[in-house]
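Enquirer: Full structure from sequences and hints, please.
As you go down the protein sequences, you meet chains A and B in turn. Quick note on numbering: the first sequence equals residues 10 to 426 in the numbering used here. Quick note on numbering: the second sequence equals residues 10 to 426 in the numbering used here.
I should point out that these hints are in silico values taken from the structure, not numbers from a laboratory. Treat each hint with caution, since some may be false.
What the hints assert, rightly or not - Quick look at which bits of chain A chain B covers, simulated, 3 or more residues with Cβ under 8 Å:
#1 19 to 33
#2 66 to 73
#3 83 to 90
The beta-carbon is built from N, C-alpha and C at its ideal position, and this holds for glycine as well.
Protein chains: 2
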Amino acid sequence: MALIVQKYGGTSMGSTERIKNVAKRVAKWHDAGYQIVVVPSAMSGETNRILGLAKEICEHPDPRELDVIASTGEQVSVGLLAIALQAIGKQAVSYAGWQVAIKTDASHAKARIASIDDAKVQRDLDAGKIVIITGFQGVNEQGDITTLGRGGSDTSAVAVAAALKAQECMIFTDVDGVYTTDPRVVTEARRLRTVTFEEMLEMASLGSKVLQIRSVEFAGNYKMPTRVLSSLTDPLIPLEIEAKSGTLISFEEDTHMEQATITGIAFNRDEAKITVFGVPDRPGIAYQILGPVADANIEVDMIIQNQSVEGKTDFTFTVPRNEYTNAMEVLVKTGVQNHISATGIIGDAKVSKVSVVGVGMRSHVGIASQMFRTLSEEGINIQMISTSEIKISVLIDEKYMELAVRALHKTFGLENS
Amino acid sequence: MALIVQKYGGTSMGSTERIKNVAKRVAKWHDAGYQIVVVPSAMSGETNRILGLAKEICEHPDPRELDVIASTGEQVSVGLLAIALQAIGKQAVSYAGWQVAIKTDASHAKARIASIDDAKVQRDLDAGKIVIITGFQGVNEQGDITTLGRGGSDTSAVAVAAALKAQECMIFTDVDGVYTTDPRVVTEARRLRTVTFEEMLEMASLGSKVLQIRSVEFAGNYKMPTRVLSSLTDPLIPLEIEAKSGTLISFEEDTHMEQATITGIAFNRDEAKITVFGVPDRPGIAYQILGPVADANIEVDMIIQNQSVEGKTDFTFTVPRNEYTNAMEVLVKTGVQNHISATGIIGDAKVSKVSVVGVGMRSHVGIASQMFRTLSEEGINIQMISTSEIKISVLIDEKYMELAVRALHKTFGLENS
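Expert: Laid out in structure tokens, this is it:
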């Protein structure tokens with residue numbers, strides 16, 4: 010019998026009425042003959058509420074104890090969903106992470122899943138039960154409760170699906186799939202029926218916050234077909250329709266290659282850039298600049314260093330905008346400029362990143378020039394460029410971001426491809 | 010080093026401010042050189058809130074899943090208390106029931122503790138840590154979460170104290186000890202410095218809701234000295250004073266025997282009595298009447314059947330008042346009256362029980378007659394009498410209850426003994 014893992018987010022689990030709807034949807038799939046494992050998130054707002062209590066007591070609470078507290082939201086969810094399924098005549102049983110041995114490494118608040126004991130779950134499934142497993146949490150080698158970080162339930166669902174060799178992992182959320190770009194910026198944005206794993210990785214890391222990026226990595230490692238689809242439809246929508254809805258992250262690149270060259274336009278509005286200029290071109294400079302920034306736990310995204318002229322070059326990198334002031338302070342405090350005898354440091358907190366993503370890009374030349382020409386025709390200056398095999402990102406003045414996204418969406422024919 | 014187990018109730022844990030106060034009190038004991046294990050309840054109202062969600066979904070939810078949900082309140086509490094202790098410089102670590110292997114039987118919502126693995130806890134204590142363990146919950150042989158029923162945290166605390174061979178189990182609550190009777194009824198009521206285990210058992214089962222009765226049984230089985238004391242005092246009250254405050258449940262009966270004959274007057278206002286009259290006096294009658302009542306999960310307290318006259322007798326029993334209508338319906342529906350050819354069934358839902366309790370009663374005659382004379386002098390009719398080795402209970406019209414309690418409290422000199 011085919012096995013499906015379904016994950017439901019906090020909004021879908023947000024009230025007892027919504028939990029009853031989740032139960033109806035799950036029961037529909039079970040009625041159709043599928044074995045079903047469900048991984049629900051905590052009711053929306055719940056985890057924040059209890060973590061808020063911890064912060065009332067102490068500004069920097071012990072991560073181990075925070076995980077003890079934070080993991081309770083999902084435990085309430087699994088129990089409530091089991092009860093909702095039983096209320097409509099289904100056999101259902103819930104498990105916390107430690108009960109099905111979702112083993113993780115030791116790092117609290119951002120643990121990584123190492124293994125899952127699937128025998129217990131398989132036994133229940135074979136007995137006709139629907140199995141409900143807490144997302145977001147596991148247990149480490151010391152027997153301590155760990156959590157996987159925000160959005161970790163996506164990762165749990167994909168990991169469980171991989172361990173149980175599920176046919177598909179369905180991530181039910183409040184959007185109905187992955188789009189060519191954000192429909193709030195480009196009204197013609199179109200839902201993608203499929204994306205490749207690598208494209209999804211780029212889209213997820215570039216600001217399409219549909220799926221947690223680690224869940225995409227997991228899906229990729231285990232080649233687990235993963236579908237993002239809406240939990241806001243009528244729960245009794247015909248199964249044949251629902252099974253093909255949303256966006257499927259696929260691992261059959263060949264079929265996809267025949268399709269459009271460009272899959273979508275991703276963007277991130279809230280970037281900031283920092284340039285250290287007049288930097289002597291010698292080994293160790295990059296580390297001397299970025300070391301203190303990394304030590305302060307600030308995430309660095311794009312990094313550019315150009316060819317030097319007369320032994321001097323400029324070194325530029327971007328950080329999330331809310332870390333901009335922090336990053337500048339770190340550079341000033343640690344005296345980087347003097348250390349490396351740079352001429353100066355300047356920054357700009359009003360920049361945005363726009364990226365063109367597509368697996369097809371690999372075999373098609375001219376994507377970059379088409380992108381740059383489009384931006385140039387719109388009078389948009391490109392401040393930085395960075396590329397990977399399947400994406401090209403540019404940094405531009407934030408005030409042109411929407412214009413750039415719309416123009417690129419049109420240029421690459423995404424509205425009707 | 011002497012080990013103390015401290016239990017804090019839901020009111021004491023009711024807000025982050027109160028949790029900080031609990032931490033201060035615990036730290037005071039730790040500073041004085043004691044090893045400390047803390048067993049906190051869920052924040053007051055929290056367990057009711059989440060169980061309310063379950064009832065929104067289904068009127069009679071699966072007990073296994075209810076336990077999954079209900080056990081989360083204590084998990085939040087232990088994490089928050091650990092953080093509060095760390096915030097004032099103490100090493101503290103929290104455990105859920107399953108992590109220190111609080112093994113119970115399989116019955117959900119009213120599980121009984123079978124064993125505790127004390128090695129892990131002892132290791133932490135020896136390392137100078139304060140250990141915090143969830144009350145109210147355990148794990149059964151199947152690895153499912155169980156809960157011990159309302160008030161179960163008292164039982165957890167005593168069980169943990171017994172397993173770790175603690176010097177004393179301190180139950181911090183919102184009253185400052187066990188009184189000769191309810192001070193709201195008799196203003197002269199006096200706090201008892203000590204009660205024997207057996208007296209406490211009678212007081213607890215007779216409506217002095219200071220301690221859960223199973224925790225008293227546990228204390229008795231393991232001869233664990235258990236002290237009931239107030240959590241509402243200043244947390245920094247000198248330790249020498251706090252150590253002698255409240256009421257100690259003791260197991261040294263000899264010293265106590267020299268003291269007063271009567272320890273206290275217990276009462277239960279909310280009783281109801283049911284009489285089946287004209288019952289033929291033959292074997293099996295009691296079972297035929299009470300069987301259906303027990304099957305409906307209605308607790309029966311006093312049971313009286315008098316000597317028969319001409320082959321007929323009357324059979325009377327009491328139930329909690331809120332079960333009265335239910336019990337009468339059960340008797341009518343199951344046609345008990347016809348089955349056993351009784352003459353009729355009558356009930357009275359306005360009766361109360363008053364009990365005189367004291368270990369000293371064993372060796373003193375005349376307690377009963379003194380009790381009955383006092384009630385008679387006050388013009389109070391006795392409807393039923395039942396006795397045990399250390400208590401005499403009478404059922405009376407509820408309107409005389411306060412009068413009876415005050416008169417008995419005076420007769421036995423409890424205000425100044």
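Enquirer: Now look at each hint and say whether the structure bears it out.
Expert: Status of each hint after checking the structure:
With a threshold of 8 Å between beta carbons, the proposed coverage of the segment 19 to 33 of chain A by chain B holds, since 3 of its residues qualify and at least three are required. Counting residues of the segment 66 to 73 of chain A whose beta carbon lies closer than 8 Å to any beta carbon of chain B gives 5, which reaches the threshold of three, so the coverage claim holds. As drawn, the segment 83 to 90 of chain A meets chain B at 5 residues by the rule of a beta-carbon pair under 8 Å; at three or more, the given contact holds.
In summary, the structure agrees with every hint in the numbered list given earlier.
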